[in-house]
Amino acid sequence: GESVGLHLPTLSVQEGDNSIINCAYSNSASDYFIWYKQESGKGPQFIIDIRSNMDKRQGQRVTVLLNKTVKHLSLQIAATQPGDSAVYFCAENLKTSYDKVIFGPGTSLSVIP
Amino acid sequence: DAGVIQSPRHEVTEMGQEVTLRCKPISGHNSLFWYRQTMMRGLELLIYFNNNVPIDDSGMPEDRFSAKMPNASFSTLKIQPSEPRDSAVYFCASSLGTSGTHEQYFGPGTRLTVT
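If you read the sequences in order, they're chains A and B. If you count the first sequence from 1, position 40 lands on 243 in our numbering, and the numbers rise without skipping. If you count the second sequence from 1, position 63 lands on 477 in our numbering, and the numbers rise without skipping.
Some hints could be false.
Claimed, not checked - Away from chain A, derived, C-beta distances all over 12 Å, residues of chain B: (1) Gly-417; (2) Val-418; (3) Gln-420; (4) Pro-422; (5) Arg-423; (6) Asn-444; (7) Gln-451; (8) Arg-455; (9) Ile-469; (10) Glu-517.
To be verified - Derived coverage of chain A by chain B (criterion: at least 3 residues anywhere in the stretch with Cβ under 8 Å from a Cβ of chain B; other residues may be distant): (11) 248-255; (12) 304-316.
None of these hints come from the bench; they were simulated from the model. We put the beta carbon where it would ideally sit given N, CA and C, even for glycine.
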């Protein structure tokens, strides 16, 4: 079935270090993946996306890696800052499901000053 | 643009009462989504519309929930009658809805408490 899974991880990192948040997805038919950031009391906010024909995409301080062989997605945040503290969700879109995306359970990132 | 607008931001009601949540999507966006977020179940898609037409309502929990989109700039999610287990944060999101563009813009959410 359709599912994107994070196994309830909480990640604590020191300010200035790099963060890596992982995500496993189960549907090999998914062709588009998105990372969202949700700060306390706010709605999720788009960070970066990647299509299945790519294995890496970089943004400002963020990099998403896609390994279709093992159905794994990761978000790397360089030089983590206190403002990066939030819950991060990966989401997948099935090629046949138009606009519908399925969100994973999320990872809580805490940055230690 | 003001982004996706939701009202009310907070709603406290008693079990059995009707609750109506409102959403104004970003102008020009063709797709609108309703989500529910709880600690136990995470972020769940309830229903989504494209060009005001419901496309997938498989996430709607039961008949007590209904959603409408009478025009491109307004949608409602109604719960009647409400129950304590409906307590959650309800998000509305919109997207351009064109092929290859899936970024969703979320509203601030409505925090619903049913006592």
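Going through the hints against the structure:
no. : hint    : verdict
1   : Gly-417 : violated (9 Å)
2   : Val-418 : violated (8 Å)
3   : Gln-420 : violated (9 Å)
4   : Pro-422 : holds (15 Å)
5   : Arg-423 : violated (10 Å)
6   : Asn-444 : violated (9 Å)
7   : Gln-451 : violated (9 Å)
8   : Arg-455 : violated (9 Å)
9   : Ile-469 : violated (7 Å)
10  : Glu-517 : violated (5 Å)
11  : 248-255 : holds (count 3)
12  : 304-316 : holds (count 6)
Figure legend: structure checked against the earlier numbered hints; hints not met, in rising order: 1, 2, 3, 5, 6, 7, 8, 9, 10.
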